[in-house]
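*Asks:* Residue numbers (this note's numbering), protein chains in the order written: chain X, 1386 to 1782; chain A, 1386 to 1782.
Hints in this document: simulated from the structure, not taken from any laboratory. One thing to keep in mind: the hints can contain errors.
Note that the list lumps identical chains together, so a pair holds whenever it fits in one copy or between two copies.
Said to hold, decoys possible - Taking lysine to any residue pairs in the SDA-like style, the calculated list, with each CA pair at most 20 Å apart, reads: (1) 1389 with 1530; (2) 1737 with 1782; (3) 1389 with 1507; (4) 1389 with 1592; (5) 1537 with 1710; (6) 1537 with 1709; (7) 1389 with 1652; (8) 1389 with 1504; (9) 1467 with 1483; (10) 1389 with 1651; (11) 1611 with 1540; (12) 1389 with 1650; (13) 1389 with 1555; (14) 1389 with 1554; (15) 1389 with 1653; (16) 1775 with 1704.
There are 2 protein chains.
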Amino acid sequence: MVSKRCYELGSARSVIRELFEYGNRRAGEVGPERVYDFSIGNPSVPPPQAALEELERLIRDSDPLELHGYTSAQGDLAARRKLAAGLTARFGHDYGPDDLYLTVGAAAALCCVFHALTVAPGDEFIVFAPYFPEYKVFIEGAGAAAVILPPKAPDFQIDLDALDAAIGPRTRGVLINSPNNPAGVVYTPQTLSGLGELLRRRSGELGRPIYLISDEPYREIVYDGKQTPWVPDHYADAIVCYSWSKSLSLPGERLGYVLVGGQVTDHDQVFAAVAGAGRRLGYVNAPSLFQRLCAACDGLTADLSIYAENRALLTQGLGALGYDTSLPPAGTFYYFLPTLEPDDVAFCQRAKALDLLLVPGSGFGAAGYARLSFCVPTPRIRAALEVFGKLAGEYGR
Amino acid sequence: MVSKRCYELGSARSVIRELFEYGNRRAGEVGPERVYDFSIGNPSVPPPQAALEELERLIRDSDPLELHGYTSAQGDLAARRKLAAGLTARFGHDYGPDDLYLTVGAAAALCCVFHALTVAPGDEFIVFAPYFPEYKVFIEGAGAAAVILPPKAPDFQIDLDALDAAIGPRTRGVLINSPNNPAGVVYTPQTLSGLGELLRRRSGELGRPIYLISDEPYREIVYDGKQTPWVPDHYADAIVCYSWSKSLSLPGERLGYVLVGGQVTDHDQVFAAVAGAGRRLGYVNAPSLFQRLCAACDGLTADLSIYAENRALLTQGLGALGYDTSLPPAGTFYYFLPTLEPDDVAFCQRAKALDLLLVPGSGFGAAGYARLSFCVPTPRIRAALEVFGKLAGEYGR
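Based on the sequences and whatever the hints tell you, model everything.
*Replies:* Next up, the structure:
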C-alpha cells in the first residue's frame, strides 16, 4: 500500500549503483587491488586546497547563527551577487542575483526546472541519447514524458533533423548535457548555433518558447585547451543548471544553481515557477555553509590535470591494445568506448568476469559502447590496462 | 507558459515570510531597535560549542574526498548506525541503520513520506489545525489532498471524534506535529494512546494501515522538566520525521531523517518507497559533512534554557498586561496568544502599526490567536513588553 512508482525507484538500484556495490563486495572478497572499478562518477581529485582553507576560514570567522541559519529560499543574497558577477565576467549577459536560484545540487536544479515548465501532465521534454538515466526519473516525476532521441554515433553531436521531427505541440523543453555524461562529447559552436536556429524557428511556429535546459556539471572538465561554449550565446531561452560537485569535488555537499538569465522569455514567471517548484518539493534553501563556500570559491577548480593525464593514458593504452580510441572524450571524466562486440551488455559481462567493471552503453540508451569513469587514481588505470589486454585477447585482438 | 501552481507558490510568499521581509524593510527605515519582530522561527541560540568544535575536527581530520563525497542515497552507514543506536538507547524499539533515511531537512523528509504513501491522486492525509501551512503545499505536491480538522481550543489536544469522522477510504495517513508549531502544545500520553487506539480500530476496518506521520523538529524543546512522548510507543505504524534545525540551531544546513521502525507494517516496502520518492524528487543524498556532524552530535542540544527564560518572561509579562497566558506553550519557541479581539488579522494589523510583528493564527487555521516566535534575544522581549502594553491599552486593558 505504497506508491508503486516510488517503491520501484527505491527498490531497484540504478545499473551504475548496482555495479558499484558489486565492486565493493568483490573487493572485500578478492582484495581491492584485484578489482578495476570504472563504474561510478565520484571525483577522485580532492577539493582545491584554497577551498578547504576557505571552509576553515568561514567556520572560524563567521557568526555561526548566520552561517548555519536559514537563507532566503533562492539563496543568500551576497552569495548570489558574487556568483552573478562571476558569470557576467566570464560569459557576459549582465547576470544579476535575481537570475540565480541556488539548489541542492544539479539534480534538484533539474527537478525544479522540469516541475516549473510542466504545464499539463504528458507535456514533453526531449532528451538526446546517450543520456544520464536519472533524467527520465526526474522528468516523469514532474508528470511529464521524456522523449528520447537515438544517439548520433560516432560523434554524438545533435541530429537536428531528428530533433525537428520530434518537436510537437506538447514539447516544453529540450535537455542537453555538454560536456556529456556518458559520451564525453562537447557540443561545438556549430551544433549549438544550429540548435538555436531550429528552436527559434519551431518556437515561432508554436507561438511560445521551447526552453533549452542545459545541464552543465562538467562545464570546466574539458581537454586540449578547449572551452565549453556558453549555451545562452546561441539561444536566448536557455536555462542553465549547474553543480559544483565535479568542479570543486564536493558531490556529497549538494550545491548547484538554476540560472534564468534576463534574456529568457517570461523571465519573472519562469524564475518564480522554479522557486515555487523548489518550495513544493521541500527544498527550503540550499545548504547554507556551502552556499557561502561555493560563492567564495567561484572560478576555482580541483586539479583537473589528473583527469587529463588519465584520459591520455587510456587513449594511448587502449588504442595500442586494439580498442577504438579514435574519438577520445572532449570533456568529462568518462570514456565512451566502442565495445569489441555489438552486444555491449555481453561485453561488459566478459569484462566483469575479469573484475573489470564497466557500465554498458545501453543503460544510457546507446548500445555498442561501454562507459569507463576514469576518475580513479592513475596507477589503477595503468594496472587495468593489462586486464583490458586480456579482454581484447578474448576477442582475438 | 509555466506550471500555474509552481508559479503561484513562487510568486506569493507565505504570510510569515512576507511579515519577516516587511520587518527587515521597516528596520531599515526606523532602526532595528524600534521593530519588534516575532514573525519567524529562526533559532536565536547558537549551535552548541561542542558541535562547532566537532565541525572543525571533522574538517581537519577527515579525508576531504570522503567527507565531501557522495554517500549512499539513504545516508552514510556509520552515521546511520550511530543514530540508530542513539534512538534505541533513548526510546527502545531496537532501531537499526536500515530504518533510517537521512534527508535534506524535515521538509524533505515529509515530502518523501507523502510521495511514498500516495497511491492514487486524491488520496488524503489528515492534518490538525493549527498547522504549519507548508504541510498543505507538500501534501498537494504529492498529488494528495490535505484534510484539515478544526482546532480544538483551548488546549489543542486532538479531537478524536472529529478524527474518527474524517477518516475514510481515501485516508492514507494522519500527520501530527508535537510539540506543535504554532500552538506550542505537546500531545499527552493520554492523547497519543487514544489516537493509537482509534487508528488501530480504523486501520482494521479498512484492512490496511493508516500511517501516522509524526513531524518532530521541536522534540527537545519542551518545558517544566517534561519529555515529548515517543509516538511509536503508542502506535506501531508511526513514521517519524526529524530535523536538527532547531535542536542544534543549524536550520540552514538542512539535515533530518525519516525513521521507519521495524514495527511498521510493510516496513521494507515503505522504506523503499520513501527512498524512491527521494530519488524521484532529486534528493541524491543529504549533505555529507552535516550527516557526519549530526551523527557525532546526536543527543547534544543548543542551550535551550534561553527559550525557557523567554517563555517565562512572556507568561509573566503578558499576563500582567491583561493577556490570557493561562496556557503557556508546553514546547517549541512559539507563544500562541489569544488575541484581544476575535479578528486576529485586525489585531495583528494593530500590532504592526506599533512595529510589533505577530503572525495571525488564521494563517495556521486557528482564528482568534496570534503566534509570537520567541526565539529572539531576551532583551528584545523585555523591550517589546512595553509595546504589548500600548497595544493592550488600545483595547482598554
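*Asks:* Look at each hint and say if it fits the structure.
*Replies:* Quick rundown of the hints versus the structure:
1. In this homomeric assembly, residue 1389 and residue 1530 come within 20 Å of each other (Cα to Cα) both inside a single copy, at 18 Å, and across copies, at 18 Å.
2. For the identical chains of this complex, residue 1737 and residue 1782 are intra-copy neighbours only, at 18 Å inside a copy versus 81 Å across copies, given an alpha-carbon limit of 20 Å.
3. Within a single copy, residue 1389 and residue 1507 get their C-alpha atoms as close as 19 Å, and across copies as close as 15 Å, so both meet the 20 Å cut-off.
4. In this assembly of identical chains, the alpha carbons of residue 1389 and residue 1592 lie at most 20 Å apart only when taken from different copies (19 Å versus 37 Å within one copy).
5. Taking the shortest alpha-carbon separations for residue 1537 and residue 1710, only the intra-copy value of 17 Å comes in at or below 20 Å, while the best inter-copy value is 72 Å.
6. Taking identical chains as interchangeable, the C-alpha atoms of residue 1537 and residue 1709 lie at most 20 Å apart only when both belong to the same chain, with a minimum of 17 Å there against 73 Å between chains.
7. Taking identical chains as interchangeable, the C-alpha atoms of residue 1389 and residue 1652 lie at most 20 Å apart only when they sit on different chains, with a minimum of 15 Å there against 36 Å within one chain.
8. Taking the shortest Cα distances, residue 1389 and residue 1504 sit within 20 Å of each other only across copies (7 Å), while inside one copy they are farther apart (24 Å).
9. Taking the closest pair of Cα atoms, residue 1467 and residue 1483 come within 20 Å of each other only inside a single copy of the chain (12 Å); across copies the shortest separation is 41 Å, beyond that limit.
10. With identical chains, the CA atoms of residue 1389 and residue 1651 are at most 20 Å apart between copies only, with a shortest distance of 13 Å across copies and 36 Å within one.
11. For the homomeric pair residue 1611 and residue 1540, the shortest alpha-carbon distance inside one copy (17 Å) is at most 20 Å, but the shortest distance between copies (67 Å) is not.
12. For a Cα distance limit of 20 Å, the shortest separation of residue 1389 from residue 1650 across copies, 16 Å, qualifies, whereas the shortest one inside one copy, 37 Å, does not.
13. Taking the shortest Cα distances, residue 1389 and residue 1555 sit within 20 Å of each other only across copies (16 Å), while inside one copy they are farther apart (26 Å).
14. With identical chains, the CA atoms of residue 1389 and residue 1554 are at most 20 Å apart between copies only, with a shortest distance of 18 Å across copies and 30 Å within one.
15. Taking the closest pair of Cα atoms, residue 1389 and residue 1653 come within 20 Å of each other only across two copies (13 Å); inside a single copy the shortest separation is 36 Å, beyond that limit.
16. With identical chains, the CA atoms of residue 1775 and residue 1704 are at most 20 Å apart within one copy only, with a shortest distance of 14 Å there and 84 Å across copies.
The structure agrees with every numbered hint stated previously.
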